[in-house]
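Engineer: Okay, here's what each chain looks like letter by letter:
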Amino acid sequence: MLQSLVLGGVVFSYLVLGQSGAEANPLEAKLGCERMLRIAVIILIVIQALYITCEAMLLVELTRFQLEEIAGASFFLAGIVSIVCGLLIVFVPYKAKYSVWVLSLLALGVIAATVATSHAASRLESRGVLMSFTALHLVAVGCWIGGLPYLLLSLRAHPTPEAEHRMLRRFSSVAMTCVSVLVATGVGTCLYYFDSLFALYGTAYGVMMASKAALFAVLLLLGAVNRSIVNRNRKGDITNRLRYFVATEIGLAMAVILIAVSMTTQPPAVDLRAQRVDGATILDRITPRWPRLRTPAVSELTPATRPLDKQAAATLPATYVPGEKIHTPNTPSDIAWSEYNHNWMGLLLLLIGIAAVLAQTGCISLAKHWPLLFVLMGAFIFLRADPENWPLGPNGFWESFDEAEVLQHRMAVLLVVAFAVFEWRVQLQTSKWKYAPLVFPAVCVAGGMLLVTHTHSLNNIKEELLAEMSHIPLALLAILTGWSRWLQFRLPKRDQAVVSWIWPLCFTLMGTILLNYREA
Amino acid sequence: MRIAARPFSFSVLIAVGQNCRRLLALLLLVAFALSSNLAYAHAILVEASLSANSTVAGPSTPIRLRFNVRIDAKRSRMELVGPDKTSTLLSATQPSPDTLQAVVEGLKVGAYSLRWQVLAVDGHITRGEIPFSVKS
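So the protein lines, in turn, are chains A and B. Residue numbers for the first sequence follow this note's numbering, beginning at 1 and rising by one. Residue numbers for the second sequence follow this note's numbering, beginning at 1 and rising by one.
Below, simulated SDA-like cross-link-like pairs (lysine to any residue); rule was C-alpha separation at most 20 Å, straight line: (1) LYS74(B) - GLU69(A); (2) LYS74(B) - ALA71(A); (3) LYS85(B) - LEU107(B); (4) LYS74(B) - PHE76(A); (5) LYS462(A) - VAL46(B).
Hints are computed from structural coordinates only; laboratory data are not their basis. On a predicted model such as this, the values are computed, not experimentally measured, just so you know.
Please take these sequences and the hints and turn them into a complete structure.
Structural biologist: In structure tokens, the structure reads:
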């Protein structure tokens, strides 16, 4: 994302803002863009320096090589190139005649350093073609997505309406070109990384690719809406609508980028020929069945062995990352427990979705208390997520906190309850804090982004992949819920009609998916 | 000189609030940048001359491991763990950008384990273990 911001800043400042005429180029906009570019570059330098330092130290520990030997590795050299280019960008005088060329070259240098450590650079066949596709893909992301924050900043500088329109049309042309490049290079890369349609749905890489494509389609739809607003050029549209749609576009694009990043932790689908999950298994898993509404007894679960002990006894897979959580198969009772939990959560979410829909219509006044159902959900998670711990299991409440997963569950409980309280007060219009309505969208978007980017095993384990097929749609729906709710607060009342129905429907769909969740 | 105390001003709070928003935006950008920087490709084993739990004839056997991507052989290693649990670092060569190769000699009858660790071009380590046994 930072590489995109750097390239986007250069392209926007000189190609869009600079070419749109002096009126679109008020000093405030120009200075604002330069400031944002410098901040992005400084953060890039700091992150890269932290990354290569931590990675080098980790490798010294794991490989027992000296630091001088690690410093010759490609990732280290690529990081140094990125840092040097970043430092030069900070010190180049932006007002000089040659600055546009120097800054462009340096920004491309940062992109090149990223390409040097990508999947494409490590392939054996068609390396040149794949690296070219990756480079063009990243450049297109930078010019389009990276330019959006600068566009938002420049709109706030209040240029004249004519100059604003010229700037928007220019950026729209840049965006259209970038979308074409993204689609072409994306399809081109897929032709090398997927050997069949089977690979698209039978591997974790394929499932992530499909989710990226789905969210990209939503992004294109939003981009088309923005383009039509620009073309219509109606008075007040920019201030009242376009700014918020652009902000939503940035948010969705960040989710797409995170999915892409998550994909890079997986081997390309073409490398996993033997471990694919077949269509019949997937179909069987997603075929609707009656949910599990009766729970197995706690005594039927596997003995309350602490996860760390389970890990120590687990069989190592063929390939693994040091420190990775090793998948351990569950017993039928464990599976039944997990399915019961997910199915009841689905029922709760479905009720919440229906109540939220009813609250929107205003037919039933009691429906506006739907956020309180989330308190029930929090209590459910607290009781059932970790049966080996208090109050259901032998491990004490404070003792259980030494496991990361238990801590995550407890934090999720606090988050859900806080979310419920905030949103309930928003529904009743009793909250005086002006940011209270933003808690709901923030929690949904954050939850969706976390779910979409959690790490996967390298071995394309069948059960993990099948669970992924319900987690990914949930994550995408959570992201859409958050952003549609945010738009509902920001847009004028006459524009809220469509977005105000999106998030309740997303809740209903999430509930339906969880009601059908199965692990066997 | 007496400095008059200034009354509490809400504009100060607004300024602090605006700075807090900027700080929050900056922190979110840093968090996002950190998370998006931490994920890169990893090398997985696609072919091995030794299969797990196989039996080989001693006293020497060639070992060849092929991965799905180019690896940094200088910073990768193979280790042999013997029946007495002692480990020996093997001298590995790289016949092609995606392969590690070594010849193990002096094998006695018993259970062994080959542990490999490779560094991919992106800077990430992956590991694996192949147990096998040696017959007379």
